[in-house]
Structures are given as C-alpha cells and as structure tokens.
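Asker: In our numbering, the protein residues as written are 554 to 641.
Hints were generated in silico from the structure; no laboratory data involved.
Distance condition first, Cα-Cα at most 27 Å in a straight line; then the derived BS3-like pairs of lysine-lysine: (1) K596 to K637; (2) K596 to K573; (3) K601 to K637; (4) K601 to K573; (5) K596 to K569.
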Amino acid sequence: MFDLFARVFGREDASKDVAKERLRLVLVHDRASLSPQALENLKNDLLKVISEYMDIDDEGFRVDFSRHDDAMALVANIPIRNVKRHSV
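Start from the sequences and build out the full structure, keeping to the hints where you can.
Answerer: Have a look at this one:
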C-alpha cells in the first residue's frame, strides 16, 4: 500500500502511472466483478504470504484476471529477488 502512495505522490510523472493503474483496476473489476478494494486486498494478501518465502519486487508485482471462453484465471506477475531459506 505504501508503494502505491509513493508512486502517486513521489514522482512528477505519477499522474500518468496513476491513470494507467486506475484504468487497469477498472478493467479488472469489470472482468472479475471484484471491487477495486477487494482486488487491492487480494494483492496485499498474496504479497504478504509470498513474501514469507521470497523477497519480492513490489513495483513489478501485478495481479490481473484473464478470461477465455467461459473460464477466468488469476494471472500474477511476481518478480522474485531472492528465495528465503527456511529451516525445516
């Protein structure tokens, strides 16, 4: 969530990026019938769980929905910096 605020308020060209992100959220909402808040919660939950096992590049993290015929798929692009080693 902090990264979103940093992107919104941190750069001069942020308005272009914010507009792209808003359009993407509207399209995802339209395709999946998810509210933008529900999608944001889903992204945060995914990031939290995956971050327990891997160092993730938050800025490249994307979650989208893809529809093919009658099926819908959750598609995530998750840039991994490093895999954390856990003892078993």
